[in-house]
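Read off the chains here:
Protein chains: 2
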Amino acid sequence: MSESQERLHHRHLEQAREQIIDLLTRQAVERELVSRSEGRAELSKHDVVAQLVARQQQAQLEQKLAQLHPADIAFILESLPQDAREAAWGLVRPERRGAVLLEINEAVLRALLGDMRPEEIAAVVRHLDSDDIAELLSELPEELSQGVLTRLDRDDQAEVRSVLSFPDGSVGSMMDLDFLSVREDASLEAVLRLLRRQKSLPPDVNQLIVVDRGGHLRGVLSLEQLLLQEPEREVREVMTADPTFFYTGDAVADAVTAFEKYDLISAPVVNLHKQVVGRIPVDAVVDAIKERAQSESLRQVGLSEEEDLFAPAMESAKNRWPWLALNLLTAFFASRVIGAFEDIIVQLVALAALMPIVASIGGNTGNQTVALVIRGLALNQLGPTQLRKMFSKEFVVATVNGALWGSVLGVATLALYHQWPLALVIAVAVMLNLWVAAAAGVLIPLTLQRFGRDPVMGSSVLLTAFTDSMGFFIFLALAAVFLV
Amino acid sequence: MSESQERLHHRHLEQAREQIIDLLTRQAVERELVSRSEGRAELSKHDVVAQLVARQQQAQLEQKLAQLHPADIAFILESLPQDAREAAWGLVRPERRGAVLLEINEAVLRALLGDMRPEEIAAVVRHLDSDDIAELLSELPEELSQGVLTRLDRDDQAEVRSVLSFPDGSVGSMMDLDFLSVREDASLEAVLRLLRRQKSLPPDVNQLIVVDRGGHLRGVLSLEQLLLQEPEREVREVMTADPTFFYTGDAVADAVTAFEKYDLISAPVVNLHKQVVGRIPVDAVVDAIKERAQSESLRQVGLSEEEDLFAPAMESAKNRWPWLALNLLTAFFASRVIGAFEDIIVQLVALAALMPIVASIGGNTGNQTVALVIRGLALNQLGPTQLRKMFSKEFVVATVNGALWGSVLGVATLALYHQWPLALVIAVAVMLNLWVAAAAGVLIPLTLQRFGRDPVMGSSVLLTAFTDSMGFFIFLALAAVFLV
Numbered sequence: 010m011s012e013s014q015e016r017l018h019h020r021h022l023e024q025a026r027e028q029i030i031d032l033l034t035r036q037a038v039e040r041e042l043v044s045r046s047e048g049r050a051e052l053s054k055h056d057v058v059a060q061l062v063a064r065q066q067q068a069q070l071e072q073k074l075a076q077l078h079p080a081d082i083a084f085i086l087e088s089l090p091q092d093a094r095e096a097a098w099g100l101v102r103p104e105r106r107g108a109v110l111l112e113i114n115e116a117v118l119r120a121l122l123g124d125m126r127p128e129e130i131a132a133v134v135r136h137l138d139s140d141d142i143a144e145l146l147s148e149l150p151e152e153l154s155q156g157v158l159t160r161l162d163r164d165d166q167a168e169v170r171s172v173l174s175f176p177d178g179s180v181g182s183m184m185d186l187d188f189l190s191v192r193e194d195a196s197l198e199a200v201l202r203l204l205r206r207q208k209s210l211p212p213d214v215n216q217l218i219v220v221d222r223g224g225h226l227r228g229v230l231s232l233e234q235l236l237l238q239e240p241e242r243e244v245r246e247v248m249t250a251d252p253t254f255f256y257t258g259d260a261v262a263d264a265v266t267a268f269e270k271y272d273l274i275s276a277p278v279v280n281l282h283k284q285v286v287g288r289i290p291v292d293a294v295v296d297a298i299k300e301r302a303q304s305e306s307l308r309q310v311g312l313s314e315e316e317d318l319f320a321p322a323m324e325s326a327k328n329r330w331p332w333l334a335l336n337l338l339t340a341f342f343a344s345r346v347i348g349a350f351e352d353i354i355v356q357l358v359a360l361a362a363l364m365p366i367v368a369s370i371g372g373n374t375g376n377q378t379v380a381l382v383i384r385g386l387a388l389n390q391l392g393p394t395q396l397r398k399m400f401s402k403e404f405v406v407a408t409v410n411g412a413l414w415g416s417v418l419g420v421a422t423l424a425l426y427h428q429w430p431l432a433l434v435i436a437v438a439v440m441l442n443l444w445v446a447a448a449a450g451v452l453i454p455l456t457l458q459r460f461g462r463d464p465v466m467g468s469s470v471l472l473t474a475f476t477d478s479m480g481f482f483i484f485l486a487l488a489a490v491f492l493v
Numbered sequence: 010m011s012e013s014q015e016r017l018h019h020r021h022l023e024q025a026r027e028q029i030i031d032l033l034t035r036q037a038v039e040r041e042l043v044s045r046s047e048g049r050a051e052l053s054k055h056d057v058v059a060q061l062v063a064r065q066q067q068a069q070l071e072q073k074l075a076q077l078h079p080a081d082i083a084f085i086l087e088s089l090p091q092d093a094r095e096a097a098w099g100l101v102r103p104e105r106r107g108a109v110l111l112e113i114n115e116a117v118l119r120a121l122l123g124d125m126r127p128e129e130i131a132a133v134v135r136h137l138d139s140d141d142i143a144e145l146l147s148e149l150p151e152e153l154s155q156g157v158l159t160r161l162d163r164d165d166q167a168e169v170r171s172v173l174s175f176p177d178g179s180v181g182s183m184m185d186l187d188f189l190s191v192r193e194d195a196s197l198e199a200v201l202r203l204l205r206r207q208k209s210l211p212p213d214v215n216q217l218i219v220v221d222r223g224g225h226l227r228g229v230l231s232l233e234q235l236l237l238q239e240p241e242r243e244v245r246e247v248m249t250a251d252p253t254f255f256y257t258g259d260a261v262a263d264a265v266t267a268f269e270k271y272d273l274i275s276a277p278v279v280n281l282h283k284q285v286v287g288r289i290p291v292d293a294v295v296d297a298i299k300e301r302a303q304s305e306s307l308r309q310v311g312l313s314e315e316e317d318l319f320a321p322a323m324e325s326a327k328n329r330w331p332w333l334a335l336n337l338l339t340a341f342f343a344s345r346v347i348g349a350f351e352d353i354i355v356q357l358v359a360l361a362a363l364m365p366i367v368a369s370i371g372g373n374t375g376n377q378t379v380a381l382v383i384r385g386l387a388l389n390q391l392g393p394t395q396l397r398k399m400f401s402k403e404f405v406v407a408t409v410n411g412a413l414w415g416s417v418l419g420v421a422t423l424a425l426y427h428q429w430p431l432a433l434v435i436a437v438a439v440m441l442n443l444w445v446a447a448a449a450g451v452l453i454p455l456t457l458q459r460f461g462r463d464p465v466m467g468s469s470v471l472l473t474a475f476t477d478s479m480g481f482f483i484f485l486a487l488a489a490v491f492l493v
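Those protein sequences? They're chains A and B, same order as listed.
Okay, so the first sequence: first residue is 10 according to the numbering used here, each after it adds one.
Okay, so the second sequence: first residue is 10 according to the numbering used here, each after it adds one.
Hints may contain errors.
One copy or two, it doesn't matter: identical chains are merged, so the pair holds either way.
List of simulated lysine-lysine pairs, DSBU-like, C-alpha gap at most 35 Å [to be verified]:
#1 K327 / K208
#2 K327 / K398
#3 K283 / K398
#4 K299 / K398
#5 K73 / K208
#6 K283 / K327
It should be emphasised that the hints constitute simulated quantities derived from the structure, not laboratory data.
No experiment lies behind these values; they were computed from the predicted model shown.
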């Protein structure tokens, strides 16, 4: 990102966005007027004026977009409805499109590139670094990304292929290939001379990587030390000899944790021979955290990150099918549990009205436990000892809350239906279902994790299915035994 | 954070943590043996040995902890159960405790400091920068934090008070007071000399702030430019004149967005007169993002961030009361909706078994819409135009899914109960409840936001309450009209 690109204060950005959306909307209206008039034999005066206005606005828009930072253009594109988005994309200068694509979310990226031919995409991304090209290609369909790849320069192709070969979620797939290294026996003076010969440093560089003759990591030299220390000293004297570093195979999640904990700005990445092959800049870490946080809240309800706010409705509907099918299946199962007790419900219809309360309170408290466990897993805080502690704590919490709210519900039931046994049954059922909810709330995410699944994805639907069915079963079975 | 602190690769950290937990557990066992023996008149040989072992392990532990980075100690403390945590905290050297507290989460922080007297806390935090002290104090109960404040040095007190005066969630409350400024008419040579006189720079510094005589922001000078440009040049020639900056009153969320978008490492903070008063370093931003993401998933189910994995059970139980009470209230309302149709259920008991399906599928799809809207709000993508687009899209999705899954459910009902009218009623009820869910899914988070509430907190429980009640009502009302 060039320093000279205009960065707008967020208040101004809001204004700029509104203006652009406004212009685009007006443009769309004018276009429609013009296209309507084209059918007619002669252009009315009004139509001519409309055309002129439309052209003028187009020029104005192009100019506005040219002044914005690529990230701001990406933001505007993301918040435009599909038709306006395509119009705006057409107005972004070709040489800036690559930088904009890097900042845009996956759904919009696919929508924009979906209609382009491989050679067009290759022309757009050619201006980017090879790791950035790899990042973009990894988000495209396999066939399209191969098509683009073969149309790149030979050198770029090799580098992009090497980045693409690292599995998703590994440090290798997120690293930056662009780094500056120096030798430990150089003097600071020599390093300073070397730097002055460069026209610019890679973005976010706050340290140089110190390597030996074979390219093995020896340490890092911060720009700070370079500036503060006497130029006569050698690199080895002032470098940090035991820097935090990562292997290409390390998980991105671990790198993120390390950056957060140790307040890093960048860190070297090495291969298995401890040769430096790249570095992680902090802005990649910031992006990784944000993306994960956003996708997590969507995954909890069974949506993929690809679900765009303005994606075509049919596509969105289909995206949600697997999840809905699962939900329908579990709800159907719960319904069969109730079905098994139809005789009892006919004898005491109050059961039908009361049973959803038992199910609902179980689902609610169970989901609270799930959220705590997922956070504990994410923060790596659940070893065997902690797990036992947590299990017994959740059990106590369920007991306290079950006793309290079971009694409240029992009293309310007594007031409504004037039946002591019914009040007792619902109180006991709430207690029992809260125990079920606590156990399931701990075990479901743990089990998903144990079997190598994402503990976030589906925890909530599985838990609710479980607490619903068990809630109905416990309440109706107790009623069958004690009330009828 | 000093560079010389040992930072462990995450694999080693796992080992270190396990060792420390292991040592603490063994120590606890030994301690118990010793304390049991104290009641007796004479110490057996075995007890003496046990005491010796315990003391030796204590020394070993202290040494291990002394070698760790404060963030690693914080991590270990967070993942220890309460008793072991207190034992470990006692072994952290007093002069390092402040740095550890800065890295620890709020719940554990309160647990650790809760029992300490104000003068003890003052002694611990005295080693920290005043903005860090303010950060810690803002997480303590008012009375305690005032007590600590009055026991600090006079200068510190004033600075801490000024930071504390900024409202929570504002840039002023998160900024770092520690920054280096230079004048625009200085030569780079002079700046370099100035730097060499410092022993170290503030952490994360990648740029110096350029100010005029009155302290007003003029630009920023990156260390990169300082290194690459000829020393004879003036600061004003090489500085970035229009840097991204923030006012103390700006929202932290906006600062986070700007850092993410523009890949910033640090940014100046100014007061209303555009005088520089501090800076935001990227590590504070990383912390802010992580904290927000973690608290969000908890808030969705009605838990506060203060809920610690190992908090005392009674406290946790109480934390969850308001939420449970709300849940019970809404579930009770849904139950009364069913109660109004008891006559019909008695006549056709299959309704009791089928009604939770209609409610459940509505809650599920509604929560998907809620998640999309919350993300849209967080990303600032929902202006009036986009809102209309999104509304109509969710309506189409609901129609497609309602038609499809309503039919599936209708067929299943027909197969089970062999009643055409019942099958039709459930199919139509699913369709209608999906419309309700789509509308509520968009409107509930928007309404919460409109009334100045956090759209995350409670969206999900309100939506489920709505789709449950409406699901029961729609299904049973249709049945009352067409089946009985």
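Homo-oligomer pair classification [K327, K283; C-alpha up to 35 Å]: Answer is neither; intra-copy 46 Å and inter-copy 52 Å both fail.
Homo-oligomer pair classification [K398, K327; C-alpha up to 35 Å]: Cα proximity of K327 and K398: across copies only (19 Å, versus 42 Å in one copy).
Copy assignment of K299 with K398, given that the CA separation must stay at most 35 Å: both (31 Å within a copy, 25 Å between copies)
Homomeric proximity label, K73 with K208: Cα distance no greater than 35 Å: within (29 Å within a copy, 46 Å between copies)
K283 and K398: within-copy, between-copy, both or neither at 35 Å Cα: neither (40 Å within a copy, 52 Å between copies)
Intra/inter-copy verdict for K327 and K208 if alpha-carbon distance must be at most 35 Å: So K327 and K208 fail the 35 Å test inside a copy (51 Å) and across (61 Å) alike.
Violated hints for the displayed structure, listed by number in ascending order: 1, 3 and 6.
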